[in-house]
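S.K.: Turn these sequences into a full structure, and let the hints steer you where they fit.
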Amino acid sequence: MTPNLVIFDCDGVIVDSEPPLLDFLLTEFATYGLELSLHELETKYVGGTIYSTAQRAREAGASLPETWEAEAYPRIFEVLRAGVPLIPGIEAAFDALDAAGIPYCVGSNGPMEKMDVTLGAHPAVFTRLKGRIHSAHTHGVAKPDPGLFLIAAETMGVAPEACVVVDDSPSGCIAARRAGMRCFGFDPHGDGARLISEGAEHLADMHDLPRRIGI
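First residue of the sequence shown? That's 5 in our numbering, and the numbers climb one at a time after it.
Just to be clear, a hint being listed does not mean it is correct.
[To be verified] Cβ pair distances, simulated, as ranges:
id: 1; residue 1: Thr31; residue 2: Asp102; range: 34 to 42 Å
id: 2; residue 1: His193; residue 2: Ser67; range: 17 to 25 Å
id: 3; residue 1: Ser67; residue 2: Gly184; range: 19 to 27 Å
id: 4; residue 1: Glu82; residue 2: Phe130; range: 17 to 25 Å
id: 5; residue 1: Glu82; residue 2: Arg215; range: 35 to 43 Å
id: 6; residue 1: Arg85; residue 2: Gly203; range: 30 to 38 Å
id: 7; residue 1: Phe28; residue 2: Phe130; range: 18 to 26 Å
id: 8; residue 1: Thr6; residue 2: Glu70; range: 27 to 35 Å
id: 9; residue 1: Ala197; residue 2: Glu165; range: 20 to 28 Å
id: 10; residue 1: Gly203; residue 2: Gly65; range: 15 to 23 Å
id: 11; residue 1: Asp102; residue 2: Ser67; range: 23 to 31 Å
id: 12; residue 1: Glu63; residue 2: Ile219; range: 41 to 49 Å
id: 13; residue 1: Phe130; residue 2: Thr6; range: 21 to 29 Å
It is worth saying that the hints were derived from the structure and are not from the lab. Even for Gly, the Cβ is constructed at its ideal location relative to N, Cα and C.
M.R.: Structure representation (structure tokens):
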């Protein structure tokens, strides 16, 4: 079924900001006594807010100071200001949605300030999304809670069952499932198994999204 709204995650779906973020977290956690592999970090710690990620790290033994989260954000922004590329195919997907008259928006656990940095580096894309970016920090509800996606759908005037979500994290796929929305789990480097297990359909190439949603 062709959707009436597509909700995109931001990091790892619109912009390829995850590699520098993951490097930052690996280094930080190791500094405070928690050595992780990249696979462990990706599968067990990321996908939520920086606060939930830090809490999981503390539970696993990282001696992060109480002020770590607040102090981490400005440093993360500095890393991201070096520039992050767009996900290949995302602009073509937006073009196809525009041509089909299907609206789209962003639903992200990241703060607006971070998206101002990452999306702001790509003015043409940022302009397309202006006024349609929903942050967990703004709305006070974060994935895997379905509330963020439900707020986005309500704001756009679309019923949940008429929405499609594109997300690259298990928490996002869980949120979509709980919201009653069809979900594509974006995993361009793997088989998408951890996203499929949460009810998503694997999407390996963003260029393929228009065909998969019937446009």
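S.K.: Do the Cβ positions of threonine 6 and glutamate 70 conform to the proposed distance bound of 27 to 35 Å?
M.R.: The hinted range 27 to 35 Å is violated for threonine 6 and glutamate 70, with Cβ atoms some 48 Å apart.
S.K.: Please check whether alanine 197 and glutamate 165 have a Cβ separation lying inside 20 to 28 Å.
M.R.: 26 Å, holds
S.K.: Given a hint of 35 to 43 Å, does the C-beta separation of glutamate 82 and arginine 215 actually sit inside it?
M.R.: 39 Å, holds
S.K.: With respect to the beta-carbon atoms only, verify the hint that phenylalanine 130 and threonine 6 lie 21 to 29 Å apart.
M.R.: With a Cβ separation near 26 Å, phenylalanine 130 and threonine 6 satisfy 21 to 29 Å, so the hint holds.
S.K.: Could you see if the CB distance from glycine 203 to glycine 65 stays within 15 to 23 Å?
M.R.: The hint (15 to 23 Å, Cβ to Cβ) is violated, given that glycine 203 and glycine 65 are roughly 32 Å apart.
S.K.: Given the range 34 to 42 Å, decide if the beta-carbon distance of threonine 31 to aspartate 102 lies inside it.
M.R.: Because 40 Å falls inside the window, the suggested range holds.
S.K.: State, for the Cβ atoms of arginine 85 and glycine 203, whether the hinted interval 30 to 38 Å holds or is violated.
M.R.: 36 Å, holds
S.K.: Is 17 to 25 Å respected by the C-beta to C-beta distance linking histidine 193 and serine 67?
M.R.: 32 Å, violated
S.K.: Please test the hint of 23 to 31 Å on the beta carbon pair from aspartate 102 and serine 67.
M.R.: 49 Å, violated
S.K.: Falls inside 41 to 49 Å, the C-beta gap from glutamate 63 to isoleucine 219?
M.R.: 43 Å, holds
S.K.: Are serine 67 and glycine 184 spaced within 19 to 27 Å by their CB atoms?
M.R.: Violated - the Cβ-Cβ distance for serine 67 and glycine 184, about 41 Å, lies outside 19 to 27 Å.
S.K.: Does the hinted range 17 to 25 Å hold for glutamate 82 and phenylalanine 130 at CB?
M.R.: 19 Å, holds
Violated hints, listed in ascending order, are 2, 3, 8, 10 and 11; each of the other numbered hints is respected by the structure.
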